[in-house]
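When you get a sec, could you build the whole thing from the sequences and use the hints?
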Amino acid sequence: MNDDDALPFEMRQLLGPGEAPPTLDDETADRLVAGRLDPADAPPGYAAVAKLVAAAAAPATTEELAGEPAAVDRFAAAARSGFPTRAFLTRRAGVPTRRFGVKAAVAVLAAVLSIGGVAAAAGVFPAPAQPAADHGPGSGTATPGSSDAATTAAARNRQRGSDTATGPDASGPAKHGLCRAWKAGRGKDKQADEEKDKQNGKQKDKQNGKREDSTAFRALAAAAGGADKIAAYCQATTPGRSAGQEHGQGPPPDRGSGRGNGEPPPTSGS
Amino acid sequence: MIGPSFPAVLAAAQRGDERAFALLWRELQPAVLRYLRVAVPEAAEDLAADTWVSVIRGLARFRGDEPGFRALIFTAARHRALDWRRQASRRQTASVPIEDLTDQPAPDDPAEAVLEAQSTRAAIALIAELPPNQAEVVTLRMVAGLDVAQVARIVGKRPGAVRTLTHRGLRRLAQRLAAVEPARRVTP
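Protein chains in written order, with the working numbering: chain P, 74 to 343; chain G, 11 to 198.
Everything labelled a hint here was simulated from the structure, so no lab data went into it. Be aware that one or more of the hints could be misleading.
[Claimed, not checked] Listed next, the stretches of chain G that the computed footprint assigns to chain P, with coverage defined by at least 3 CB atoms under 8 angstroms from CB atoms of chain P:
1. 25-38
2. 59-71
3. 74-88
4. 162-174
5. 178-186
[Stated by the list, open to error] Which residues of chain G face chain P? A partial, calculated answer using Cβ under 7 angstroms:
6. Val-124
7. Thr-130
8. Arg-151
Here a beta-carbon is modelled for each residue, glycine too, at the ideal position from N, C-alpha and C.
Below, the structure is given as structure tokens:
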């Protein structure tokens, strides 16, 4: 029983003979590794291992979560430079699906708003999420309305023409802004022009139906589940709530401004 | 576990929602980091970042539940670790002196730090002392919270082999801890 499992010679010297604990049965081992075995109930020799499990699977430390802003920045950069729009649209072109229909969109939006903001604030999250949620407000990741702030920042970038992104994601953060632009475009085509100008300005006279040329429109259509569903998709954006948040926001998070569609920082260890 | 809201969180992240991504990151990063600190202590931080880069890249295509997502992340982390080791051996550099492998003030013995201070870093350091196969399986089960079948898929072994490695690892950890234990009473 001490074949390939043998301890290094030196360690065996330290331990002395007769200290090898029994091999556990599967069920006990499963409970032990899952942290469901109280040290007091552990078989002889395994109480200390139960403590080790508790330490090894302990809630996140602030040191472990220190990289969050950088990680979210990389995510945002990836999102701006084609994720998920490119893969997303390509897939959708081939495989029509209602996965992101109106109901799903509303559910996701509502869920994320409540999960990201209210729930974190209320301490509903499992312990590992808490430290970051606690120091989150600085980066704006845990505050309701920050996605609207990001939207506004993105819209600003677009208006400045400094953002060369291939297309906005009509996902959660950008939805309000895109819907607003789209709705405004139905009447006056004003905000839509800003979108168009950055494209190629060839579509002046048409209604919103013609805006398939716009990357923004395409993203919105993709998120809505089809060009003909945009109205319903945008309608479903809880008006009271979004209106309130649009005006109640603080300064946009810095990651939203002027970074263009830079590539993720090189972190290659490979 | 993120739990019942996971599908909504995942879907939002797949659309580019930063807060949703941050949730996923906070949920999984600690375990990813601990796993990599066992696997490749000298480059764990960088490899964790690389892991997320590859996860982000594949995020839009992922379909599955939360356990599936966890498995995806640890599969990615493992690939980063394997790549790193392959390249390290190709470079054939004894890159980092052993004393630099941990950035914590080295305790006299991680086993004591585990028992006395319930130190996570010490627990990880202790698991890292195991033979690599045992260390990997024990970490994936203990820290990543994956079951035998998931771990078997990730490491490409049969479930029976995963169980055996787990048993051996636990037994050796018990022996290791017993070495500093004698005078100390373990109380829950």
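What are the numbers of the hints that this structure violates, sorted from low to high?
Hints 3 and 4 not satisfied by this model.
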